[in-house]
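> Each chain is listed here by its residues.
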Amino acid sequence: MPDRYDIVIIGAGPGGYVAAIRAAQLGFRTACVESRDNLGGTCLNIGCIPSKALLQSSERFVEAKHALAEHGVRVGEVALDLAAMMGRKDRVVTTLTRGVEFLFRKNKIDWLKGKGRVAAPGRVVVTGADGAAQEVEAGSIILATGSESTPLPHLEIDEKRVVSSTGALSLDRVPDRLAIIGGGYIGLELGSVWSRLGAKVTVVEMLDHIVPNMDRELGTALQRVLARSGIGFKLGTKLASIREANEGFILDLDGAERESLAADVVLVSIGRRPNTEGLGLNAVGAARDEGGRIVVDDGFATNIPGIYAIGDVIRGPMLAHKAEEEGIAVVERLARQKPQIDYDAIPAVVYTWPEAASVGRTEEELKAAAIPYRTGKFPFTANPRARTNGYTEGFVKILAEAETDRVLGIHIIGPDAGTLIAEAVLAKEFGASAEDIARTCHAHPTLNEALKEAALAVDDRAIHI
Amino acid sequence: MPTEIKVPSLGESITEATVAKWLKRPGEPVVLDEPVAELETDKVTLEVPAPAAGTLAEIFAKEGANVPVGAVLGTIADGAAAAPHPPAQAGPSLSRLAQGEGPSSPSPRLRGEGRGEGQQVLERAGPAARKLIEESGLDSAAIAPSGPGGRITKGDVLAFRAREEPPSAPPSPAPVASEREVRVRMSRLRRRIAERLKAAQNTAAMLTTFNEIDMREPIALRERHRDAFAEKHGVRLGFMSIFVKAAIVALKEFPAVNAEIDGDDIVYKNHYDIGVAVGAEQGLVVPVVRDADWLSFAEIEKAIAGYARKARDGKLTIEELSGGTFTISNGGIYGSLLSTPILNPPQSGILGMHKIERRPVALGDKVEIRPMMYVALSYDHRIVDGREAVAFLVRIKECVEDPSRVLFEI
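Chains as they are written, first to last, in my numbering: chain A, 856 to 1320; chain B, 20 to 429.
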């Protein structure tokens, strides 16, 4: 008799493991299939968490080198110990993945180690590293297999000299010249890390602007700051060809003019694609869209009864926190609850310095939809706390519906924008008006006051500018 | 011109119903005769059909509200594109306007087209309140908001739910293994059944007499004509029609059983409307086969089969459930060997049929195995004498054991 579970989740990333814990809380007998040696998926192992560890460490390095003297702190000669920095990153990852393991034990979730495949509705086959296969029965199956870096055709990724984000998190020395193909948030974050540690970084982007999904004004401001910190940008530029030369590469670029770019390491970060290979989707007949993502309805049900999908393998932004919300929603629905996700209220953050963070509609989207809106903007130069911290780059921008004052979008570039955006998301979830934010008391002196001032600015009555 | 949706006539002695559920939300298109709401009365749940095609514009009677016959439940606007507007009375959605946030008029909208008032209220309620509203199947426009800017808070929804106790909203029981008890509000139908059963016991001098029937003859009769009957009439020949016919013979001979007490009078009825108990999901219902003395066996079987179908679908009307003069109940379909039925007031008699069981019986000096059924007659001893009741039941026994007696009225 195969083991029988109420819910079997394939994939233990932020979508899958959160779904598993919520399922266990609701009283479902739950198993989670994961082939990695550690739980947590891309996010914890080779994504959000290790990149944030390196961003933090490299920021400290730059701060010690250039910023502390202004505060009257003398540190003498500052040197980089890359091995120690990588060691710290690995410890952070291990601590967090062990944490998820603990949560599985606490919630009595079975971790089925191996690759999961849907054999039939209600049946999952788990093939371990040793090739041994085990079949389990599942009342419901949730696919949460995530995504992987999209490769460039004709360019093999060896994760040493031609790397994806995975390899870029573990380089054993700082490259002299790093070329980044793709100006999305992953390229910018990892480019920032290696730029701060001493690499000459150049970002090659096909479009004429970086972070394509963000509000254009934010993207432009971010590019300006990053360029000032030393990152080069080749926008509106295509990679025509790439060839090896002198232990490095020559990239032939096709932009405003034809030019060549020399690099020791090339990072390919042109996007991510859903992991659906070997999942048994064809065998059961689960539908996918033209982008290869699994088609689901509002309740995350695929076209096959009893099979659900969440996170990067379905429509929507490929973000850990979006997958988490979906993981909770899908199992609560299986428990006949009716949670809803407002996809207009899912924040997006770029963890560069300064950080850029957004929720809701961009100005471009509102113009395209012909929705009348009012804008309130407030710069961090006029925020006292930003002054005391010594970092005044950036601004807060609030877009409110002209007629009702309802907040439609909030865009922040500046120190800790990723943390500040939480207030904006909450406002969005509650359908707040800009005036609601303006009339909410904000502690002084804090960076959050910039949000309040921007909300006041929607009505042309900001105080501190 | 908007068309009013009114509470339809609910039949004799029913003056009021409860709005169980709105099947459409304001702004949704409706076609003519499409059900828009469900009403629950003491006896049945019935659907209110749309009196016109168009768009459900307004809802005046929220779920859980008691409404009299003829009351206006809501309105339907012409044309599918008609914009919903807020209720005419100062509802919660108006209080938002009163706080100076400006009225909403048609303008390009986010998230779908034509957000109705309810939808806007819902979007401004936080995520916890939204989830609760959705799960309880509540109309957000009916909940009084207490939050800033006229927002519905989680507390508002909980308070509304506690106050209104809509019958359609039991706490959603999650499949949590530790849940050892579940408390569910009694439905209006169930409450009414409880009241009436208890009232019958308190009013009538109720007692029960028993007998047993040898079913060999009716079984053989049914075997003999089963196929021909089904082919001719399109309905199965069951025992119920035989019992109804037998009961009518007995009722004609013992008119007190077909009578009722009305104050100090006894009303003898010369019409024979036989209630036949049918099990439905919401409880036992008793549709009435009217003037059954004028109906053939086939007509009686057809009527019962039709009622059973309607009961299953919850489509029985009040008229079909009212005004029986005598009732036949059949606990046998659930496997009961013997039970005492309770009177259906103001009736004075109820016959209980039971399951047929092969039992050894003494016939003369021999023991034979016969298909036997116990029958019970509960009666109101205030107007039916014991002798009459016993003889009544014996008469039924004779007629069922030899159905030709029904034919020849002997």
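One or more hints might be untrue.
The calculated EDC-like cross-link candidates involving lysine to aspartate or glutamate, where the alpha carbons are at most 20 angstroms apart (straight line), are [as the list claims (entries may be wrong)]:
1) B/K150 / A/E1284
2) A/K944 / A/E914
3) A/K1193 / B/E153
4) B/K40 / B/E57
Note that these hints are calculated values from the structure, not bench results.
> Now tell me if each hint is right for this structure.
Status of the hints after comparison with the structure:
1. Restraint check for B/K150 and A/E1284: satisfied, since their Cα atoms lie roughly 12 angstroms apart, inside the 20 angstroms limit.
2. Distance hint between A/K944 and A/E914 is fulfilled; the C-alpha atoms sit about 14 angstroms from each other, no more than 20 angstroms.
3. Between A/K1193 and B/E153, the direct Cα distance comes to roughly 6 angstroms. Compliance with the 20 angstroms bound is thereby established for this hinted pair.
4. Under the criterion of a C-alpha separation no larger than 20 angstroms, the hint pairing B/K40 with B/E57 is consistent with the structure, at around 5 angstroms.
Comparing the model with each numbered hint stated earlier shows that all of them hold.
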